[in-house]
Amino acid sequence: MRRALAWILSGMLVLPLVLLVLLSLARHWTWPALLPADLQLRQWRDLFADANGLGTVVLRSLGMGIGVAVAATALGFASSRSLARHARQGRLLALLHLPFAVSPVVLGVSLLYAFLRLHLAGHLLGVMLAQLVFAYAYAVILLSGFWNPRARSLEELASSLGAGRRQVWLHVLMPLARPLLGVCLFQTFLISWFDYALVLLIGSGQVATLTITLYQYFSSGDIRLAATCALLLLAPPLLALGLNQQLLSATIVTHLEAHDDD
Amino acid sequence: MRRLWLSLGALVAIVIAACGRTPSSTPADPRAQDWSQIQSAARGQTVTMAMWGGDPAINAYMRDYVAPQVKRADGITLRLVPAQGSMIVNMLMTEVEAGRQHSALDLVWINGETFYQLHQIHALYGPFTAKLPNQHYIDWNNPFIAYDFQQPVDGYEMPWGNVQLLLITDTARVPSPPTDPAALAAWIHAHPGRFTFDTGFTGMSFLKSLMYAFADRPGDLRGPFDAKTYRRLRDKVFAWIDSVRTDLWHHGETFPASTAQLHQLFANGEVDFTMSFNDGEVDNRVDSGLFPATARAFVLHTGTLQNSHYVGIVDRSVHKAAAMVVANFLISPAAQLKKLDPAVWGDGTVLDVARLPAPWRQRFAVAGTRTHAPLRRAIQPYARREPAPEVMIELTRDFRERILHE
Amino acid sequence: MSRSRRPDPWIILLATMSAGPVLAGLVFMLLYSTGQIGLLAHGFTLHYWRVVLDDRQTWITLAYSLAMGLASLGASLLLALALQAALGARLRRGALRGLLFVPLAVPPLVAALLSVEVLGNAGLLARLAHALGWIDQPGDFPSLLFTPSGVGIVLAHMTLVTPFLLLLLDRLGRNARVADLMQVARTLGASRWQAWRQVCLPVLMRAGMPVLSVYFIALMGAFEVPLLVGAQYPAMVSVLIQRRFSQFDISTRPEAYVLASLYACLAMGLLLALFAWRGRREAGERAA
Amino acid sequence: MTTDASSPTLRVDRLGVQLGGQVILHDVSFVVDVHTTMAVIGASGCGKTTLLRAIAGLLTPAHGEVKLGARRVDLLAPNRRGIVYLNQEPLLFPHLDLFENIAFGLRLRRLPERQVRERVAEMLVQLELDGMERRHAHALSGGQRQRAAFGRALVVEPALLLLDEPFSNLDPDTRTSMQDLFKQLARRRGITALLVTHDLKESMRMGDSFAMMRGGRVHAYADRKAFCADPASGVEREAAFWQAFTSGDAQVSGCDARTADS
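Chains as they are written, first to last, in our numbering: chain A, 1 to 262; chain B, 1001 to 1406; chain C, 2001 to 2288; chain D, 3001 to 3262.
Do not take every clue at face value.
When the alpha-carbon atoms are kept at most 25 angstroms apart in a straight line, the in silico SDA-like pairs for lysine to any residue are as follows [to be verified]:
#, chain 1, residue 1, chain 2, residue 2
1, B, Lys1236, C, Ala2019
2, B, Lys1071, A, Phe48
3, B, Lys1236, B, Ile1403
4, B, Lys1338, A, Gly164
5, B, Lys1338, B, Thr1171
6, B, Lys1338, A, Gly182
7, B, Lys1338, B, Trp1052
For the record, the hints were derived by calculation from the structure and aren't laboratory data. Bear in mind that the values here come from a model prediction, so they are computed numbers and not experimental data.
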């Protein structure tokens, strides 16, 4: 019974991926066929031959994601240390959740004007900055779980053994936090890589990312090309999943949990 | 601590500086220059063109054909960004509000309400079309070209392509499609759940075509917006919808949001009809495998809309000369002929073939043959002009209120 | 611990980066929607606010978003609890353990696309039903997508949220040593169901409450899924804001800002109430 | 082994600390002679840890001075004071093995590799930890970890060593052997140390001079005799208990045989 249920659940988890692969290879797949009539690589070829080259789009999305991840993690690591020592930690934590509460769409429409004023709208950098608002908040929340009393003692120990500020960060804190920093880098990368609303609004159509391309194909009615894009979108997280499940399991909530433990 | 402050400050400064780069001076207005001056001013510039990016065929035409051509012949780099319709209006409007002196866009692919709205906020540059050498081939007497939704384009838009609204069905399932509203209603009753239309641009255009079918006088929808006529025809259209409603897809409780969704429903076999505002699209869709080979396009004999789509130049563009050179290339016989081919795009030409030099005339005569839609010649008699843009705006709003109960 | 009088720049960065954009956006929207800035500005007016507040759709949309958020979270939670109860340790073993992570790699945009292909009237499920001879036409299959009932939205969200909740419950359970606690309950004479109902569930819910409520607020503002599989009407609030914002009729833009401000205030209010409640709870526990 | 000739006298003068508006240390003044260990005895919550952390520079005092020899150190960053603070818990860096843990401070001082190896190897022998160089913290017993933490502190030859209940987590046997080891190393290396503890026996075993801490105030004794003579120190009570115990009168003195840690 349990075994059967486990199998069914596994099937349901794999099915979407199979479906995407089939869609990306299908040429005709009309009702009521259960499987596509003919499979071929045409969509993949079309996709990589299409406007501005999908290669550029993928590279741009990757670049944005990496940039946002590095900035968010670096700034977030430093800020989370201050947060952990701050007397009004609870209030600051509430502030950090604000962007997530008001949602990217609301933030996007309300900030577009300011971003235009600063010549940031429609630019890669502007979109990255908007994504950074979310990625940074996420990083601070995630990484503040690192600063438990033990980490603090190790930090003090190192400085009492003669390590300067820079040495403490470089030789103690960063190596200690490395697994968590890896998770943070990856998760903040995904915030940018998966983002659609902010690119749509702040990018004002001038920054073509993989999600924008996917939506465009979807809205032009060609779900097969959209599915092909979707597979590209899933590739990095699935790859990471193969390497290390921890990378994906971290969530916005790890910190909240950590706090309840205290 | 101070070092940290400094580096944070520097970071902010870099971000602002990196984005704040704007051309320091505005170049001369090309309208005061002759064509060769415009051409030399255009050389080396980059033109950013906003266009719908959802069709791989169109993207390929722009990227693989137009962009290399203008690069080679005129030294212009063409940058394509995906934005359309309301999005362009929005972007330009927000730019105006934010006090941006120089727009991020130079050339925009627009028509209808987009043109109307951009005109309202003075976001378009013009008149400029008279400066383009290739505009001599355009038949400015053709009302489908000289008027964009009843508005004279007056040199603020350059016609680029011309299309007609078609219904598409699968002849394997519907061997003889209905060609007027009454027959269509009868078919819907006989086949519940197999017909719908979208609530986007194409679906609303279909409803406007129905307004023509219910019009008493051919001139009813001509000229500026007339609220009384509009309301009379609108009520007839809504009455028609109410009469078939329960037999529509999902009992008429919901409608697909876009032609894309409708295409998808049709491709899946969930409904038997879709529609397209590009009479060349069906061949292209069959060719790409999305539609079955038995898909055929047809028109309502009570009339369907025909319109043109245009390119406009943004008033705050700093690359107007280059934008004009690109626009001129887009209406060159070579570019228009290429675009006519259903394998490339299948978009109708705006050129008057009779005015072209002899060799081009022959090429146009044999080009653009399509197998899944009737030839343009055959459906031209059913073509109707777009009513005033307010009709679209009002109809969209009324449809939302009366039919969707928003 | 040292506390210097000088403000910590990292705390300032933290506050500016999180509250700054939200507050700046809110102020901008308030100014715009009261006619003080923008192309359509003709001096102070409450016209747009009146229009939006009088519009039934505003309230329907807010209520609908609330309902969809609750339904999405509630259904996912029920499913996660049921799976956990039914599968127990098997969730942490073998292929299933790895596969559970797969949905975490799926962005909402792709989840929505997949639900179109699986749940649609001509989707995979409908085709299966056809192959089994249950239905003839796509129209015979129950409509799950694009319907006001929002079934599609809830189902798509469930695929995104349930695996995450499973992982969360698992972790919370281990942190709170739920298995041990349940054993204690059993030795005290509780039945399996009683132990689950009176020990496991309350412990997990109590520990998970802060996370769940933040998740609820995020789901309420969901965009991609309702955009792709939601009904035209009623629309969830993010979709309606975006639609109003980018409509042809540029006069609706101030109205979009009114709606967005209303929603932002609602969401912020909920969030701050949640944190205040948490603060009180923690303080209460410390005192006790 | 050479003694560190530069190891100076510790002079604490009117040191005061406030935390959250509360006064934790009141004008604390005392002196620790070079090459000696002062044992400060006090109940938990009397401010012992705060005193050590203030001297180490891990928190900022409200007023007062800390001098090492002629040098004022209280204005220096913790890593520039030459003072090592040892936590109750033997904190080893989890990302480093035993060898690298001990070498940590030497590497910070950029000593040549050969010297680092020599000094760490020598220290390992003295700690009786040779052969375990490549082990990580989790593979060491509590006593081994404690020794490693000592070695890591001593190898950098600090001007002053601060010990915060260093042996409280160990079982009685290990504790005694660690106390002996420390005594031996301190004498051999001429360490100046300040030890805080609530364990009377420990202070007696390890201290050369003594002080009593209560309610944020420190009272230093002139010598061992003065310390034993003060009724507040509890030495006499302890002695009386054992006398009574050995003479078979346990019942009488058992109830008040508590040391200062109650």
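Okay, the hints, checked on the actual structure:
1. A hinted pair counts as satisfied when its Cα atoms are at most 25 angstroms apart, and Lys1236(B) with Ala2019(C) does not qualify at roughly 53 angstroms.
2. As the CA atoms of Lys1071(B) and Phe48(A) are separated by approximately 22 angstroms, the hinted pair is consistent with the 25 angstroms bound.
3. Restraint check for Lys1236(B) and Ile1403(B): satisfied, since their Cα atoms lie roughly 13 angstroms apart, inside the 25 angstroms limit.
4. Straight-line distance between C-alpha atoms of Lys1338(B) and Gly164(A) comes to about 69 angstroms, which puts the hinted pair past the 25 angstroms bound.
5. At most 25 angstroms may separate the alpha-carbon atoms for a hinted pair to count; Lys1338(B) and Thr1171(B) exceed this at roughly 29 angstroms.
6. The straight-line distance between the Cα atoms of Lys1338(B) and Gly182(A) is roughly 51 angstroms, outside the 25 angstroms bound, and the hint therefore fails.
7. A hinted pair counts as satisfied when its Cα atoms are at most 25 angstroms apart, and Lys1338(B) with Trp1052(B) qualifies at roughly 19 angstroms.
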